[in-house]
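There are 2 protein chains.
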Amino acid sequence: MSPDRLSATFAALSDPTRRAILARLASGETSVTELAQPFAMSLPAISKHLKVLERAGLIVRGREAQWRPCRLEAGPLKDAADWLERYRRFWEESFARLEDYLEELQTKEGKRESKD
Amino acid sequence: MSPDRLSATFAALSDPTRRAILARLASGETSVTELAQPFAMSLPAISKHLKVLERAGLIVRGREAQWRPCRLEAGPLKDAADWLERYRRFWEESFARLEDYLEELQTKEGKRESKD
Chain A
1 MSPDRLSATF AALSDPTRRA ILARLASGET SVTELAQPFA MSLPAISKHL
51 KVLERAGLIV RGREAQWRPC RLEAGPLKDA ADWLERYRRF WEESFARLED
101 YLEELQTKEG KRESKD
Chain B
1 MSPDRLSATF AALSDPTRRA ILARLASGET SVTELAQPFA MSLPAISKHL
51 KVLERAGLIV RGREAQWRPC RLEAGPLKDA ADWLERYRRF WEESFARLED
101 YLEELQTKEG KRESKD
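Chains as they are written, first to last, in our numbering: chain A, 1 to 116; chain B, 1 to 116.
Note that these hints are calculated values from the structure, not bench results.
A few of these clues could be false.
Same chains, same label: a pair holds when it works inside one copy or across any pair of copies.
[To be verified] Below, in silico cross-link-like pairs of lysine-lysine (DSSO-like), each with a Cα-Cα straight-line distance of 30 Å or less:
| id | residue 1 | residue 2 |
| --- | --- | --- |
| 1 | K48 | K111 |
| 2 | K111 | K78 |
| 3 | K51 | K111 |
| 4 | K51 | K108 |
| 5 | K48 | K78 |
| 6 | K48 | K108 |
| 7 | K78 | K51 |
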């Protein structure tokens with residue numbers, strides 16, 4: 001996968017409306033009109049978001065002229081998840097440090113209480 | 001986490017230079033000058049990328065006036081990974097379908113060979 005493909009994926013995900021569209025498509029393919037309903041947005045505005053998602057390969061649109069259902073394509077999401085996975089040890093380390101710190105605080109608290 | 005925090009994280013990750021900076025910081029904190037070395041980029045250009053990463057909470061910079069080392073902050077990467085995780089079943093399903101298809105092709109190929 002080229003780095004630009006990954007850039008396009010992350011850029012497509014950097015908008016809350018586009019993430020909400022993907023969340024909607026996770027429950028099944030649907031038409032643009034249906035997709036637009038929960039959003040306080042014009043059809044052209046929604047179409048613009050769909051084009052970004054389509055270019056990033058995150059959705060595929062049917063070829064029927066009248067009804068062009070949108071379908072989720074998860075491949076690029078996997079690539080994005082794989083990229084993030086390399087950093088897992090960093091967030092797990094931060095979490096472990098936080099746990100140690102909380103444990104230390106509780107021990108101190110316990111000692112103070114036993115003195116009182 | 002607010003949706004905009006997630007948007008800022010994905011937007012920060014949508015650039016190959018910024019992802020390369022994070023990859024570099026994964027091996028330890030470093031100065032801006034050192035960070036800039038592998039890139040054919042001016043210090044102001046690198047500083048601009050660092051500001052995007054800093055605003056997204058992906059890096060923290062030291063407060064020393066002379067040497068302001070950059071350090072990776074993995075918290076927002078975890079949140080991005082958690083968001084992507086919801087779609088895991090979709091890419092796993094696609095992969096399973098592809099496997100089924102390849103198996104089918106091999107069976108057909110096998111039958112043809114035994115006929116020849």
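Hints versus structure:
For the identical chains of this complex, K48 and K111 are neighbours neither inside a copy (61 Å) nor across copies (48 Å), given an alpha-carbon limit of 30 Å. For the homomeric pair K111 and K78, neither the shortest alpha-carbon distance inside one copy (48 Å) nor that between copies (35 Å) is at most 30 Å. Within a single copy, K51 and K111 get their C-alpha atoms no closer than 61 Å, and across copies no closer than 44 Å, so neither meets the 30 Å cut-off. For a Cα distance limit of 30 Å, the shortest separation of K51 from K108 qualifies neither inside one copy, at 57 Å, nor across copies, at 38 Å.
In this homomeric assembly, K48 and K78 come within 30 Å of each other (Cα to Cα) both inside a single copy, at 24 Å, and across copies, at 29 Å. For the homomeric pair K48 and K108, neither the shortest alpha-carbon distance inside one copy (56 Å) nor that between copies (43 Å) is at most 30 Å. Within a single copy, K78 and K51 get their C-alpha atoms as close as 20 Å, and across copies as close as 28 Å, so both meet the 30 Å cut-off.
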